[in-house]
Structures are given as structure tokens and as C-alpha cells.
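A.B. asks: Sequence:
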Amino acid sequence: MKKVVSISLGSSERDHQVQVRLGEEDFIVCRQGTDGDFELLKKRLAEMNDDPEVAAIGLGGADLFLNAAGRTYWFREMKPLAKIVTKKAFVDGSGLKGEVEADTVRYMQEDLGVDFSNKKVMVTSAVDRWGLAMGFEDAGIDTDFADLYFILGVRKIIHSARVLTRAIRIIAPVAINLPFSWLYPSEADHTIKPATNAWTDRMYHDYDYIAGDYKLIIKNMPADMRDTWVITNTTTSADIDFLKAHGVKNLITTSHRLEGRSFGANVMEALLVASEGKKEALTPECYLRLMKKYDLGPELHDLSK
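Position 15 of the sequence shown, counted from 1, bears residue number 15 in my numbering, the numbering being contiguous throughout.
No lab work stands behind these hints, which were simulated from the structure alone. These numbers come from a predicted model, not from an experiment. Do not take every clue at face value.
With a straight-line Cα cutoff of 30 Å, these simulated DSBU-like cross-link-like pairs (lysine-lysine) come out [unchecked claim]:
1. 42 x 279
2. 43 x 215
3. 278 x 2
4. 119 x 249
5. 120 x 292
6. 219 x 42
7. 3 x 278
8. 278 x 293
9. 83 x 3
From just these sequences and the hints, can you work out the full model?
C.D. replies: Below is the structure:
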């Protein structure tokens with residue numbers, strides 16, 4: 001039985017293991033957190049690289065690089081990690097954050113019949129979920145981008161994809177040289193304690209749909225989110241309870257939940273690579289085909305009941 005392992009900078013409290021059957025083959029899918037310990041992360045990666053039972057490795061709680069605004073940006077701090085894993089596929093989920101996550105918008109419109117007329121969407125960080133962000137934009141849906149606030153702490157919302165592209169091309173070459181922890185909450189304590197204020201409350205309440213990374217979405221989430229939809233991934237049963245308690249109406253996960261939780265994009269990407277018996281990342285077209293073949297695509301969760 002093939003084993004797929006995700007080594008994450010995030011909390012070990014979120015560790016989980018499931019057995020998945022794709023076609024005629026069984027896989028053990030395992031997530032291991034390192035509680036923000038970068039040295040432990042490197043040690044675990046080296047161990048998994050040498051483990052003959054491991055078919056593919058995912059990087060969680062961090063990105064090796066970003067594909068956004070027509071360019072690729074490698075994080076200086078993460079780039080050396082790619083040299084540790086040399087014997088098998090090593091992916092960070094970027095392969096699914098393009099066409100695969102963009103298909104979530106098609107799923108909402110065509111499969112669920114969602115009418116976005118007179119509705120507004122906020123993407124917390126388009127630079128990290130470019131496919132999802134552009135999926136909304138390309139469908140002609142009123143979409144705003146909150147990268148400046150959620151990544152840099154600047155209270156400014158971007159209302160244009162053209163302005164977003166320009167901002168990314170100016171800021172990203174500088175940001176990728178900063179410590180990753182400055183840009184993304186990868187600390188050991190994964191529980192975000194909201195520090196809401198009038199500005200953030202108004203920001204959330206301006207939108208009918210909030211999409212993007214789960215940690216960023218809940219970072220400053222107001223207590224009352226009734227009638228709001230959340231589009232994200234990597235949600236545990238505790239996360240579902242958290243969203244329910246805040247009144248979220250519906251949750252869309254960009255991939256199916258496996259035994260009660262939706263894994264991160266890096267886990268799903270590693271699983272798909274292993275299913276093909278490959279030692280390198282697949283093409284976006286291949287990922288999308290496999291997601292549909294194995295029924296691993298987007299999923300609706302009604303939280304109002």
C-alpha cells in the first residue's frame with residue numbers, strides 16, 4: 001500500500017491519517033505537523049525522502065513558490081527544502097491552486113445553481129489562490145481582493161484584477177525574501193483569536209461569499225456571519241463547529257472531505273501524483289482530470305442545519 005505524507009509547519013494537534021482507495025489502489029494519507037519548528041520540518045522531510053513506503057510528499061503550512069499574475073515567485077526561505085527531497089515527488093499544493101480550484105466556481109454555478117447576480121465575493125489572498133480568484137473574476141462575478149490586508153496588514157481592499165496584478169508584480173519580488181512567518185500564520189497554535197474591530201467587521205459584512213485560505217478567513221471573523229458562504233479547504237470537524245458557531249450558512253471545500261476532514265491542497269496533490277506513480281508534479285489538466293475521475297472535486301456542506 002502506497003503512503004502519502006504531508007509534513008506541515010502547522011500544529012501537530014491537527015495531525016490526521018486516513019486510508020483512501022483510488023481506482024484499484026489503496027493509499028494511506030498522513031499529515032504530520034511540526035508546530036512551527038523549521039529544523040524539525042527539514043528532518044522529517046529527509047526521513048520521508050528515505051522511506052521506501054512513501055510514494056509522495058506534500059509541504060503543508062507553507063508554500064515553496066507562488067504562481068500568480070503570470071509569474072512564478074519562489075520563497076527564499078523555502079527554496080532549500082526542494083533540495084532535501086530528491087527521490088520522490090515533493091509538492092506544496094500549487095498544482096491544484098490553478099485550474100482545479102478555479103473549477104470550484106463552475107461547480108457552484110452549474111452543479112449547485114448558485115446565482116451570483118448582485119452578490120459580492122472577497123478573496124482573502126489572491127496571490128496564494130490565483131486560480132480560485134481568477135475563476136470568480138473570469139466568470140464576471142463582483143470580486144474584491146484583500147491581499148494587502150491579510151498579508152501585509154494594510155487596510156485596503158483591491159477592487160480590480162488589473163490593479164491586483166500590478167500590485168503583485170511590485171510587492172511579490174520583495175515579499176518572497178521576508179521570513180515566511182511574517183506573511184502567513186504558521187505558528188504552533190493554529191487557533192486564531194479574532195481581534196475584530198469596526199473596520200474588519202464592516203469588511204466581512206460587505207460580502208456574501210468569503211473565499212481563500214482557511215486560517216486567513218477566520219483571522220478576524222466577526223461573531224455574526226449569518227447568510228455568508230465560505231469557500232476554502234483544510235477543514236477539520238472542529239473547524240466546521242467553529243464556522244457553525246459564527247453563523248456561516250454554507251461551506252464549499254475545494255476538494256472532497258476524507259473521513260470527516262478536507263485535507264490541504266498539498267495533500268491532495270501528493271495523492272494524485274502517487275496515484276499516477278510519478279516522481280514529479282503533474283500538469284494542471286491532469287490534476288483536473290484525476291479529481292473528476294476519482295470524485296475528489298468541490299463539495300457543499302450545509303451548516304445552517
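A.B. asks: Taking the hints in turn, state whether each one holds.
C.D. replies: Cross-check of the supplied hints:
1. Among the hinted pairs, residue 42 with residue 279 is consistent with the structure: their alpha-carbon atoms are about 19 Å apart, no more than 30 Å.
2. With a CA separation close to 25 Å, the supplied pair residue 43 and residue 215 stays within the 30 Å bound.
3. The straight-line distance between the Cα atoms of residue 278 and residue 2 is roughly 12 Å, inside the 30 Å bound, and the hint therefore holds.
4. At most 30 Å may separate the alpha-carbon atoms for a hinted pair to count; residue 119 and residue 249 meet this at roughly 15 Å.
5. A threshold of 30 Å between alpha carbons decides the hint, and for residue 120 with residue 292 the separation of about 28 Å falls inside it, so the pair holds.
6. Only pairs whose Cα atoms come within 30 Å are accepted, and residue 219 paired with residue 42 is accepted, the gap being roughly 27 Å.
7. Taking the CA atoms of residue 3 and residue 278, the gap is about 13 Å. The hint holds against a cut of 30 Å.
8. For the hint linking residue 278 to residue 293, the alpha-carbon distance of about 17 Å falls within 30 Å, and the restraint holds.
9. Distance hint between residue 83 and residue 3 is fulfilled; the C-alpha atoms sit about 21 Å from each other, no more than 30 Å.
Of the numbered hints given earlier, the model fails none.
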